[in-house]
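Protein chains in written order, with full-length UniProt numbering: chain A, 1 to 319; chain B, 1 to 292; chain C, 1 to 260.
Among the clues, some could well be false.
Across the chosen pairs, the derived CB separations fall in these ranges [to be verified]:
#1 A:309 / C:124: 20 to 26 Å
#2 A:276 / C:160: 50 to 56 Å
#3 A:301 / C:144: 28 to 34 Å
#4 A:155 / B:279: 46 to 52 Å
Residues of chain A placed beyond 12 Å of chain B at every Cβ, according to the derived structure [as the list claims (entries may be wrong)]:
#5 6
#6 17
#7 31
#8 91
#9 92
#10 102
#11 142
#12 147
#13 152
#14 178
#15 208
#16 301
Bear in mind the hints are in silico, worked out from the structure with no lab data behind them. Please read these numbers as outputs of a predicted model, since none were measured by experiment. We treat Cβ as the ideally placed atom computed from N, Cα and C, and that holds for glycine.
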Amino acid sequence: MKARLRANLTWLALMVLGFVVIDSCEFTGLINTFIENMLVTIGINVILATGLNLIIGFSGQFSLGHAGFMAIGAYATGIITQTMATPAGFFISMVVGMLIAIVAALIVGIPTLRLRGDYLAIATMGAAEIIRLLINNLKITNGAAGLFNIPALASWATVYVLMCLTTIVTVNFIHSRSGRAIMAVREDEIAAEAMGINTTRWKLAAFVFGAATAAIGGSLHAAYIQTIAPSDFNIMASIAILIVVVLGGVGSMTGTFVAAVGLGALDTILQNFGTLRMIIYSLALILIMIFKPSGLLGTWELSFRRLNRHHLKEVTNHE
Amino acid sequence: MQTIGQQFINGLSLGSIYALLALGYTMVYGIIKLINFAHGDIYMLGAFWGYYVINQLHFNFILAMLSAMLFCALVGVVIEYFAYRPLRHSPRITALITAIGVSFLLENGMSYLFTANTRSFPQVIKTVTYHVAGLRISNIQLLILGSACFLMLLLELIIKRTKMGKAMRAVAVDPTAAQLVGINLNHTISFTFALGSAMAGAAGVLIGLYYNSIDPLMGMTPGIKAFVAAVIGGIGSIPGASLGGFIIGILETGVQAIGLSAYKDAVVYFVLIVILLVMPAGIFGKHTKEKV
Amino acid sequence: MSSPLLTATQLVKNFGGLTAVANVSVHFDQNELIGLIGPNGAGKTTLFNLLTGVTPVSSGTISLYTDHGVQTLNGKKPAQIAQAGLSRTFQNIRLFKALSVRDNVRIAMTNHYHESFYSCLLRTPHFYRTEAAMTAATQKLLALFDLTAVADQPAKNLPYGVQRRLEIVRALATKPKLLFLDEPAAGMNPEETADLTRLIRQIQQDFHITVVLIEHDMSLVMNVVERLYVLEHGALLAEGTPSEIQKNPAVIKAYLGDDA
Numbered sequence: 001m002k003a004r005l006r007a008n009l010t011w012l013a014l015m016v017l018g019f020v021v022i023d024s025c026e027f028t029g030l031i032n033t034f035i036e037n038m039l040v041t042i043g044i045n046v047i048l049a050t051g052l053n054l055i056i057g058f059s060g061q062f063s064l065g066h067a068g069f070m071a072i073g074a075y076a077t078g079i080i081t082q083t084m085a086t087p088a089g090f091f092i093s094m095v096v097g098m099l100i101a102i103v104a105a106l107i108v109g110i111p112t113l114r115l116r117g118d119y120l121a122i123a124t125m126g127a128a129e130i131i132r133l134l135i136n137n138l139k140i141t142n143g144a145a146g147l148f149n150i151p152a153l154a155s156w157a158t159v160y161v162l163m164c165l166t167t168i169v170t171v172n173f174i175h176s177r178s179g180r181a182i183m184a185v186r187e188d189e190i191a192a193e194a195m196g197i198n199t200t201r202w203k204l205a206a207f208v209f210g211a212a213t214a215a216i217g218g219s220l221h222a223a224y225i226q227t228i229a230p231s232d233f234n235i236m237a238s239i240a241i242l243i244v245v246v247l248g249g250v251g252s253m254t255g256t257f258v259a260a261v262g263l264g265a266l267d268t269i270l271q272n273f274g275t276l277r278m279i280i281y282s283l284a285l286i287l288i289m290i291f292k293p294s295g296l297l298g299t300w301e302l303s304f305r306r307l308n309r310h311h312l313k314e315v316t317n318h319e
Numbered sequence: 001m002q003t004i005g006q007q008f009i010n011g012l013s014l015g016s017i018y019a020l021l022a023l024g025y026t027m028v029y030g031i032i033k034l035i036n037f038a039h040g041d042i043y044m045l046g047a048f049w050g051y052y053v054i055n056q057l058h059f060n061f062i063l064a065m066l067s068a069m070l071f072c073a074l075v076g077v078v079i080e081y082f083a084y085r086p087l088r089h090s091p092r093i094t095a096l097i098t099a100i101g102v103s104f105l106l107e108n109g110m111s112y113l114f115t116a117n118t119r120s121f122p123q124v125i126k127t128v129t130y131h132v133a134g135l136r137i138s139n140i141q142l143l144i145l146g147s148a149c150f151l152m153l154l155l156e157l158i159i160k161r162t163k164m165g166k167a168m169r170a171v172a173v174d175p176t177a178a179q180l181v182g183i184n185l186n187h188t189i190s191f192t193f194a195l196g197s198a199m200a201g202a203a204g205v206l207i208g209l210y211y212n213s214i215d216p217l218m219g220m221t222p223g224i225k226a227f228v229a230a231v232i233g234g235i236g237s238i239p240g241a242s243l244g245g246f247i248i249g250i251l252e253t254g255v256q257a258i259g260l261s262a263y264k265d266a267v268v269y270f271v272l273i274v275i276l277l278v279m280p281a282g283i284f285g286k287h288t289k290e291k292v
Numbered sequence: 001m002s003s004p005l006l007t008a009t010q011l012v013k014n015f016g017g018l019t020a021v022a023n024v025s026v027h028f029d030q031n032e033l034i035g036l037i038g039p040n041g042a043g044k045t046t047l048f049n050l051l052t053g054v055t056p057v058s059s060g061t062i063s064l065y066t067d068h069g070v071q072t073l074n075g076k077k078p079a080q081i082a083q084a085g086l087s088r089t090f091q092n093i094r095l096f097k098a099l100s101v102r103d104n105v106r107i108a109m110t111n112h113y114h115e116s117f118y119s120c121l122l123r124t125p126h127f128y129r130t131e132a133a134m135t136a137a138t139q140k141l142l143a144l145f146d147l148t149a150v151a152d153q154p155a156k157n158l159p160y161g162v163q164r165r166l167e168i169v170r171a172l173a174t175k176p177k178l179l180f181l182d183e184p185a186a187g188m189n190p191e192e193t194a195d196l197t198r199l200i201r202q203i204q205q206d207f208h209i210t211v212v213l214i215e216h217d218m219s220l221v222m223n224v225v226e227r228l229y230v231l232e233h234g235a236l237l238a239e240g241t242p243s244e245i246q247k248n249p250a251v252i253k254a255y256l257g258d259d260a
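Use the sequences and the hints to build the structure in full.
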């Protein structure tokens, strides 16, 4: 009980500290627009990648269509905030985006989650492309040109707070009866069924959960960048999120954070290299995969409760 | 009726390009269970090779295609050796990300070395259009269809009749057992990459001739479409890949012909999903149930 | 005569042209310990798979007797059948390998503790109470089966015999009325097997459940079970008490061949 409280307080302190550090750097001008952009991209990538990691790393279902759900959130915000350019409008748009993404995830997931491995990946990729092509051809979304001048209703602080919230919610989900049922499905579907676990239902739960958080990422993207187009949400966008997950370690939320930050920083540094940027990036990707095949952190997670226990053990050992 | 026939012919020629590409995906997947994301970019390399040897060295078409196949086979083997071989025992998703990395590297490397500009492919063969029963068929279309069918038959022969082909099939079924009976795993996998990449190289030269324009990013979309074709046909199955390629080619031109070109890709993906739901392992794929 | 728990009548399973189970009728009563024996390939595991819904039956009915009347299990999914009170282990151990021993057991309790979605996301006191209850129940089970020391280890790190034991504990955690054990002694030496047999007997008595045990080694089950079914070539060859089965000429022939 006490250990839990202490661990939770440590997390809270860490989150507040992060906010204060960024805020004071903003205040003193240490963070220019360029760096702020990087931080926001990192934050949005964390939101997207934790959701995808839940689907791939914890429920073991290979989804390659995350950008499709992100697009739904982005367009919900883009369209709604053009008539309701208030913070309330932004949050309404985010909720609407999540709801549509949930419905879309159910429509996609119920039939396709029966498929296995790469077949599921290719089916979800196809579904995301269908979503994107619909957006590309609808009037309300302004077709291939996309939406411009979306009201700037998300600041870095909005992204930061929502990043913390979605991460807390996702991690809470994983460390519960639901999360364990989902991992059981990943480990052995037949055994999970035999233990009374409705595998279809739990796979769908993870998939829908991931889709809803992807919609949040999309909303933030639209409200911060202020311009969106269907091509922002193509297969390559889904792959970019997948790269964050695999690079960090499939099944490690801490790894997702590390990879999102690392890739964001790498991208910013590489801006100076011009055309060589993508070559260095792809080489880095190949080399990291060859030398760290299970990702930067494997399945390791940072846990203050565990650290506390270790610490306690050491203290008692010394005495 | 005539337009249908016309679209069918156009669909077949486009489909044969997809089929050639899909063969490479299906063979590699069959043998090491890797979605070789860089396969579409090998096809791009083939097209660029063709472009240079025809323009600079004044190769004729046949020579250009054969040399492109050879070049791409070599590239495929080199990529497998450096990027995929070290990851043979790693999680499959890791190898997939590496393949994506290789794809980025080839696309951006080519853009860096030769600029990202689109260039027109030299027309080594003068286009002649024949009119048969009210249908227009160009000699290029016939050439594409002919070469594609010839290569597919050749491939089928190699896989069914040669010793290496038998080894490939054995490794695809069970790599460990294949090694126990004395099959050299590395050689077999290299050979598979060489064969698949050679097909992609041929497809690259043919598409250059057909569409007349090439650029470093040209492999991305056809690559994904060809993979979809391989999945539709049943990934791992050679006839499946050819069939899948033709299905997608005909579907695309057909949808375009009825005035829905904006939804062309959406229809392809929709058909893909429907086929997978009905046949979870594609048309010719074997659906294996786990034994309890 | 005890009251029936599960009856299966005229079960048939065809795989293509092959009949794996042909017209088999069995009944398992409350608080019974039953053996299911037969040579390799007799269809024992297939029968388990039919009864637990892993493979759908070609024809025949499976009925479960509950406090609320008779429930037909045909066409139900394995998860529903498990929720109805049928649990099992697998011939080739199927633990949740990467997860801890504790989580393996807690997962099996999923359906007995309800946390609402919101209580788990928002960490309400209700969430902590259910988690604590689940953990306590798990602790009790693990202690009972001598697994407390390895509770935090991933299941895959356990020695073979302990993995088998954990699989039984996991199946018990679903609070079954009927427990199917598929060759629990496979790969064990005679001493381990004897321990395991005693354990199974004890489980059946302490938990007041019905246990059905698959074995192809006849001698092993003889002194522990109350009743036996013998399968051969997918059909029921004999049924009876161990002493009846031992004297049954058809069984002797099936096990020892014509010359015996």
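Which numbered hints does this structure break?
-> none
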